[in-house]
Structures are given as C-alpha cells and as structure tokens.
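Engineer: Listed below, chain by chain, are the residues.
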Amino acid sequence: MNLKFKNKRIAGILTILPKRVVAFEEEMGNYNFPEKKSLRLKKIMGYNTHRIAAEGQCSSDFCIHGLQYLFDNGMLQKDEIDALLFVSQSPDYFMPPTSNLIQGHFGLKHDMICMDINQGCAGFELGLMQAFMLLEQESINKVVLMNADVLSPKVSIHDRNRNPLFGDAAAITIVEKTNDDEDIYVAVKMDGTGAKSLMIPAGGFRMPCSEETAIEHEDEAGNFRSLNNLVMQGDDVFNFVQREVPPMIQDLLERAHLTADDIDWYMFHQPNKFMLNKLADAIGVAYDKMPSNIVENFGNASGVTVPTCISFNLGEKLEQESYQMCLAGFGVGLTWAAIIMKVGNLSFNRIIEY
Amino acid sequence: MKEKIVEILTDLRPEFDFTEDVDFIEEGMLDSFDIVSLVDELETNFGIKIQGIDVIPENFSTLDKIETLLKKSGAA
Chain A
823 MNLKFKNKRI AGILTILPKR VVAFEEEMGN YNFPEKKSLR LKKIMGYNTH
873 RIAAEGQCSS DFCIHGLQYL FDNGMLQKDE IDALLFVSQS PDYFMPPTSN
923 LIQGHFGLKH DMICMDINQG CAGFELGLMQ AFMLLEQESI NKVVLMNADV
973 LSPKVSIHDR NRNPLFGDAA AITIVEKTND DEDIYVAVKM DGTGAKSLMI
1023 PAGGFRMPCS EETAIEHEDE AGNFRSLNNL VMQGDDVFNF VQREVPPMIQ
1073 DLLERAHLTA DDIDWYMFHQ PNKFMLNKLA DAIGVAYDKM PSNIVENFGN
1123 ASGVTVPTCI SFNLGEKLEQ ESYQMCLAGF GVGLTWAAII MKVGNLSFNR
1173 IIEY
Chain B
207 MKEKIVEILT DLRPEFDFTE DVDFIEEGML DSFDIVSLVD ELETNFGIKI
257 QGIDVIPENF STLDKIETLL KKSGAA
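If you're matching them up, the sequences are chains A and B in order. Under the working numbering, the first sequence has 884 at position 62, and the numbering climbs by one with no breaks. Under the working numbering, the second sequence has 255 at position 49, and the numbering climbs by one with no breaks.
Hint data in this document are derived by calculation from the structure and do not stem from the laboratory. By construction, the Cβ of each residue, glycine as well, lies at the ideal position given by its N, Cα and C atoms. A portion of the hints provided could be inaccurate.
[Unchecked claim] In silico lysine to aspartate or glutamate, DMTMM-like type, Cα no more than 25 Å apart, as pairs:
(1) A:K858 x A:E902
(2) A:K1018 x B:D260
(3) A:K865 x B:D246
(4) A:K859 x B:D240
[Unchecked claim] Some chain A residues flagged as far from chain B (calculated, every beta-carbon gap over 10 Å):
(5) K828
(6) K841
(7) D901
(8) L923
(9) G929
(10) K931
(11) D938
(12) I979
(13) N983
(14) G1014
(15) G1025
(16) G1044
(17) F1046
(18) D1057
(19) Q1064
(20) L1075
Start from the sequences, fold in the hints, and give me the full structure.
Structural biologist: Okay, structure coming up:
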C-alpha cells in the first residue's frame, strides 16, 4: 500500500529508557549453552547491555513520565494535543485503551482523539502514518505519538536466542502540520499468514494463562520457555525481512525519485546487528548510514527502536540540522513499512531515563 | 575448500562429525544461531559476503551445498 502526504513534520522526539542496565555476561549463566558459543553470538548479533523496566513498571508509566517532562519543561502544552496515539503490544489492560488512561491521568481536554494501536516492530512507521492521516483533518493540528513496550516480563530469561535482544523503552514523537510542502512517501505491507512467527501464545482470550501454560519446555535449539513467553521463529523472520524489505525500499526510493545515496540516514528497526548489516548490503548502503547500535546499548524495544536510534545517534544535532531519512520497521504481524521524509530542526531530540 | 569448511563447522559444534553424509539441519547438528555464526566465520575465512537472502537453512544442510553457496558468493 503506497501513501503520500504533504505539510506534516516531526517536531520533536523524546526517548524514555529504564534506568536498569543488564549486561549480557550477567545473564549468560541462565542459558543452556557453552560460554564460548554465547560470546561468539554476542559479537555477531550485537548483544551487550539492555534496559529492563523495574518490576511493576508498565509501558504507560514511561509515557506519563515523558509527557510530564515535556509539560514541566514547556516543550509541550496540554491543551494543544488534538490526538494521543499509543502504539504498543503491552497495554496496561485489555480494556480500557491505555491512551484513554494517559489522557485521564493528565486531565486533558475532551475534544480530542485517543487511540491504541496494536503494532510492534513497524509501530513507529504505522504510528506516523496514522498521525499523518489525522493531521489531514482541519481540526487536528498536533498529534502525540507514543511508542512504548515493556515486554521483558514476557521473555524467558532462559531463552538465549531472544532474551538478550529485548529491551524496554518508550518514545514520544510530536507530529504536526507545517507549511513546508516536502512530499512524505509511505509504504506499508502486511502478511497475516506469517502472524504466528512472532507471538506470545498464552494470555489472551484464545489461550488464557494457566498453570500448564507457565511450564517451561526446551526447544530444539536448547532454549527454555513457556507458552506465556514471547516466541520468535528466527529463521522465518530473518528470511522474510531479507526477502521483502530491500525491494520495498528500492520501490520507495523510485517513487521519491531518489537514489540510495540521496538518503542521509537509514533509521531502521533494530532486531540485531547481523540482520541490519545484511539489509544494508542488500540495499547497497554503507553501514555508517544505517546505525545498528541500539541492540548493543539498550536492546530491541519493538516499535521504539527507530525513535531511539534517531535520538541516540543524532541527539541535539537534529535540533539544528535536517536530513533526508528513510525510516523502516519490520516484524510482528507480519508487517513491514517504510517512510522517506525530511526530519530535522526539531524542538527537541533527546533521551531521558526513568 | 571442503576441508576448511569442515574445520570451521567442527570448531562451531565439536560434538558432531561433519564429514558424515547426512543432512546437518535435519540431524540437529546446526540450528539457526549456528548458521549465523557459520556465516560470520565463512565470510571472514574466505573474504566474501554472503547475501542475506541466501542465509536459509537449506543452503547449509550439506558440505556440497555450503561449497556451492561459497562459490556463488565469490569464493575461489
């Protein structure tokens, strides 16, 4: 699905990370693998440290902390928010929507739209797409996009293939109207036949959590996890990404009448270093234009990795400069999406801890 | 080339005999993370780049298939 927008901009990005830092070496003893083998993978995949929420901290807590920071520092006014989007796979409750809870916490105006979107790895791009759509309306001038996931309680600590990769985080992105009429090119694709490649089998209405679903089993690779835990068919996801993402990017570049070299930064979802380097090779991009340092520093926090990548790698520089960016996310759904747009001259672009 | 491949495979999974005429994937001798490590070692040792789209278990199931992949990727 190809979409195109005009007169929209990202005005600011705030990434909120948990304070707790956990090193790969601290957890290596939990895994059923020789140390040499685990350390080899550490280098290739980019395992190093990841950020883990404190017990009881939910995704919404990070969003509330971030919004309070913006309000307190005069970076956002409560009454200028026309829509609050919460993109996550870890809501506080099945019902009500977490976005409504956040609206209620701050006592925001009633004349606004709150919306939860269940998306993961492509959640930043899907969230931006929804924000752009809302901003087509005359009555909507500013959208607050919150990407947040605290999935660590759902990842088995005995699963070396998944646990070291994941992290918890949130990001708040302010999206607004602008007179600048630069085109924004968006591509979104979905394939629900692969939906079970990345899932948490138990805990919903189809398979409620029970004593049986909490029992850990060993998989064919030697990892231990239960049906309550996140499971990823690594081969399937890797192959899907390598097969589908490069042609989507090439097509998007053609639509935008750009070459791969015209893009200053490829800010991609951060599943692991190996996958990103293979994507960079396939698209024909130098590794330094496609940062792959989020897993090693913070872990993969699903739809939060792209704004984290922007905040971590560009920081205040993006408050003075503007760059042509290609943003891309791919994973759970299966969903893959990309956006080519100018990003820059932001009011803020920083990381805080909570 | 095959001798070097066996050497790399044995270093990865010393508990298996990779000279046997078996399917390494079906026999559980290589899992997906072994393949990632194997790709890294093959690229370093043979000075090549293996395309991401070629990193599928079928291409690593026998010595012949690994050799074919290496040649396709530019190994002499």
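Engineer: Going through the numbered hints above, which ones does this structure break? Give me the numbers in ascending order.
Structural biologist: 1, 13, 16, 18, 19
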